[in-house]
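Peer 1: Now for the letters of each chain:
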Amino acid sequence: MLNFINLISTWAIPAILAFIPLYAYAKKVPVYDSFVDGAKDGFSTAINIIPHLVGMMVAISIFRASGALDYMISWVTPWIKSWGVPGEVLPLGLLRPLTGTGSLAFTTDLIRTYGPDSMIGRIASTIQGSTDTTLYVLTVYFGAVGIRNGRYALKVGLFSDVVGFVAAIAICLLVF
Amino acid sequence: MIHLIWVALICIGFAFAAAQGNIEVVTKAAFDGAATGVTVCFGLISVLVFWMGMMRLAEDGGLLQKISKLLAPIVAFLFPDVPRNHPAMGYILSNMSANLLGLGNAATPMGIKAMQELQTLNPDKQTATPAMCTLLALNTASITLIPTTLIAIRLNYHSAHPAEIVGTTLVATAIATFAAIVADRWYRSRELRRPPANPPSQTALTPQPPQTTATPASSSTAPPVSSPAARRTGITAVQSRDTTWKG
Numbered sequence: 001m002l003n004f005i006n007l008i009s010t011w012a013i014p015a016i017l018a019f020i021p022l023y024a025y026a027k028k029v030p031v032y033d034s035f036v037d038g039a040k041d042g043f044s045t046a047i048n049i050i051p052h053l054v055g056m057m058v059a060i061s062i063f064r065a066s067g068a069l070d071y072m073i074s075w076v077t078p079w080i081k082s083w084g085v086p087g088e089v090l091p092l093g094l095l096r097p098l099t100g101t102g103s104l105a106f107t108t109d110l111i112r113t114y115g116p117d118s119m120i121g122r123i124a125s126t127i128q129g130s131t132d133t134t135l136y137v138l139t140v141y142f143g144a145v146g147i148r149n150g151r152y153a154l155k156v157g158l159f160s161d162v163v164g165f166v167a168a169i170a171i172c173l174l175v176f
Numbered sequence: 001m002i003h004l005i006w007v008a009l010i011c012i013g014f015a016f017a018a019a020q021g022n023i024e025v026v027t028k029a030a031f032d033g034a035a036t037g038v039t040v041c042f043g044l045i046s047v048l049v050f051w052m053g054m055m056r057l058a059e060d061g062g063l064l065q066k067i068s069k070l071l072a073p074i075v076a077f078l079f080p081d082v083p084r085n086h087p088a089m090g091y092i093l094s095n096m097s098a099n100l101l102g103l104g105n106a107a108t109p110m111g112i113k114a115m116q117e118l119q120t121l122n123p124d125k126q127t128a129t130p131a132m133c134t135l136l137a138l139n140t141a142s143i144t145l146i147p148t149t150l151i152a153i154r155l156n157y158h159s160a161h162p163a164e165i166v167g168t169t170l171v172a173t174a175i176a177t178f179a180a181i182v183a184d185r186w187y188r189s190r191e192l193r194r195p196p197a198n199p200p201s202q203t204a205l206t207p208q209p210p211q212t213t214a215t216p217a218s219s220s221t222a223p224p225v226s227s228p229a230a231r232r233t234g235i236t237a238v239q240s241r242d243t244t245w246k247g
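Read top to bottom, the protein sequences are chains Y and E. In terms of the UniProt record's numbering, the first sequence opens at residue 1 and continues consecutively. In terms of the UniProt record's numbering, the second sequence opens at residue 1 and continues consecutively.
Okay, chain Y solo, but in the shape it has when bound (with noise of 0.2 Å):
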């Protein structure tokens, strides 16, 4: 099985990057031009982002470096250690829905300081790949195509993040 996953996850892409153009060419298309074509596209919709991630980015980075982040963090531990949860993994669930890199760097500290096959490692692993960053997916995809009204997608985004924080918890307390 886990064989299967690995062959999988190292042929997918080279898979898929050598049948796309064959299929293209068998198709009569003019590959070269079309890829071309659409990679313009590509680098047009990286730039439109910026101002999008900047604005976003400015935000979060003041709220971490100003300790606010902390003091929630400790504000909020204690009361989770009481059921049971390590309260390590915590921080996690405030990281992950603000910043992608801020919380995978999070949870390599927990590996490397806890160990990957202790509960917090575990724990901590799960969540991260369970879970995604709201805050960057919604302001990239929305800011790529210049939408300002996101209507409830924030608020779906950010309960599926506590739904899933709270389910990769749960599990992993039942599991191992």
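Be aware that one or more of the hints could be misleading.
The calculated BS3-like cross-link candidates involving lysine-lysine, where the alpha carbons are at most 27 Å apart (straight line), are [to be verified]: (1) Y:Lys27 - E:Lys66; (2) E:Lys66 - Y:Lys28; (3) Y:Lys40 - Y:Lys28; (4) E:Lys66 - Y:Lys40; (5) Y:Lys28 - E:Lys69; (6) E:Lys125 - Y:Lys155; (7) Y:Lys27 - Y:Lys40; (8) Y:Lys27 - E:Lys69; (9) Y:Lys40 - E:Lys125.
Ranges between beta-carbon positions, derived for each pair [what the hints assert, rightly or not]: (10) Y:Leu22 - E:His3: 42 to 52 Å; (11) E:Asp124 - Y:Leu17: 31 to 41 Å; (12) Y:Pro14 - E:Gly62: 14 to 24 Å; (13) Y:Val76 - E:Leu70: 21 to 31 Å; (14) Y:Ala15 - E:Ala18: 48 to 58 Å; (15) Y:Ala105 - E:Gly62: 41 to 51 Å; (16) Y:Ile47 - E:Gly62: 21 to 31 Å; (17) E:Asp32 - Y:Phe176: 31 to 41 Å; (18) Y:Val162 - E:Leu71: 23 to 33 Å; (19) E:Ile45 - Y:Val76: 34 to 44 Å; (20) E:Leu70 - Y:Thr77: 43 to 53 Å; (21) Y:Ala18 - E:Leu70: 17 to 27 Å; (22) Y:Arg112 - E:Ala18: 26 to 36 Å.
Just so you know, these hints were derived from the structure itself, not from any lab. From the three backbone atoms N, C-alpha and C, an ideal C-beta is built for every residue, glycine too.
Dock chain E against the given chain Y, drawing on the hints supplied.
Peer 2: What follows is chain E alone, placed relative to chain Y:
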């Protein structure tokens, strides 16, 4: 809500730094954050340029349309207001499969492409459609089959069973995704019931005026969008209008 969170993050940060007497931290953090934002975007350029080129090949070759026709029933359930043959379907599917395989970097360009296609169906270009919200919900819940990055990190720190978290991640991801879909549906139906200022998803069902002129009668059988080239010019028209509006 995004406006509130943005202002709150900045103001709370400001207040905290001020209360602790190191207000100069805010200035540094602000510029650092701006730098990070640009760095991330530049990191995205290579991936976006490359994958969007590939995606255009898949689209022009007809591969995307084939896949989306095959899996249309599943996506039709999640995105009831997107026409079945619309190219957005194909991109939504590739976005979902890339997420499933844990190909994080490859999923983003496809998701953005899907958003751009959904935007062509959007009557109000500044407000998200329900379909866009569903796509975001799926992405923020991040349906993952194989968390490749995490397995790699665990391997790096000499885990005895680096992949033992695959099962737990799968369950947690499934629960989060389910919750996201339910919440999305709940908000969607609530918005439909409320008498809206701008018409809700019903408008997304009827194709856009400039597009209908091409195939008015046969739109049920033929793909709603006649040629990729025509649609592309449609998109650029929208984008240029957006930039002039931004000023």
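Peer 1: For each hint, tell me whether it holds in the structure or not.
Peer 2: Right, here's what the structure says about each hint:
Restraint check for Lys27 (chain Y) and Lys66 (chain E): satisfied, since their Cα atoms lie roughly 13 Å apart, inside the 27 Å limit. Restraint check for Lys66 (chain E) and Lys28 (chain Y): satisfied, since their Cα atoms lie roughly 16 Å apart, inside the 27 Å limit. Taking the CA atoms of Lys40 (chain Y) and Lys28 (chain Y), the gap is about 21 Å. The hint holds against a cut of 27 Å. Between Lys66 (chain E) and Lys40 (chain Y) the alpha-carbon distance is near 24 Å, which keeps this suggested pair within the 27 Å criterion.
For the suggested pair Lys28 (chain Y) and Lys69 (chain E), the alpha carbons sit about 21 Å apart, so the restraint of at most 27 Å is met. At most 27 Å may separate the alpha-carbon atoms for a hinted pair to count; Lys125 (chain E) and Lys155 (chain Y) meet this at roughly 21 Å. Under the criterion of a C-alpha separation no larger than 27 Å, the hint pairing Lys27 (chain Y) with Lys40 (chain Y) is consistent with the structure, at around 22 Å. Restraint check: the Cα-Cα separation between Lys27 (chain Y) and Lys69 (chain E) comes to about 18 Å, which is no more than 27 Å; the hinted pair holds.
With a C-alpha separation of about 22 Å, the suggested pair Lys40 (chain Y) and Lys125 (chain E) falls inside the 27 Å cut-off, and the hint holds. The hint said 42 to 52 Å for the Cβ distance between Leu22 (chain Y) and His3 (chain E), and at roughly 47 Å that hint holds. In this structure the hint that Asp124 (chain E) and Leu17 (chain Y) lie 31 to 41 Å apart at CB holds, the actual value being about 38 Å. At roughly 22 Å, the beta-carbon separation of Pro14 (chain Y) and Gly62 (chain E) lies within the given 14 to 24 Å, and the hint holds.
A C-beta distance of roughly 46 Å is found between Val76 (chain Y) and Leu70 (chain E), which places it outside the suggested range of 21 to 31 Å. The hint said 48 to 58 Å for the Cβ distance between Ala15 (chain Y) and Ala18 (chain E), and at roughly 55 Å that hint holds. As the Cβ distance of Ala105 (chain Y) to Gly62 (chain E) is approximately 43 Å, the hint placing it in 41 to 51 Å holds. At roughly 30 Å, the beta-carbon separation of Ile47 (chain Y) and Gly62 (chain E) lies within the given 21 to 31 Å, and the hint holds.
Between Asp32 (chain E) and Phe176 (chain Y) the CB atoms are about 38 Å apart, so this pair conforms to the stated range of 31 to 41 Å. As the Cβ distance of Val162 (chain Y) to Leu71 (chain E) is approximately 30 Å, the hint placing it in 23 to 33 Å holds. At about 38 Å, the beta-carbon gap between Ile45 (chain E) and Val76 (chain Y) stays in the expected band of 34 to 44 Å. The given range of 43 to 53 Å is respected by Leu70 (chain E) and Thr77 (chain Y), whose C-beta atoms sit roughly 49 Å from each other.
About 21 Å separates the C-beta atoms of Ala18 (chain Y) and Leu70 (chain E), a value consistent with the hinted range of 17 to 27 Å. Taking 26 to 36 Å as the suggested C-beta distance range, the pair Arg112 (chain Y) and Ala18 (chain E) conforms, at roughly 34 Å.
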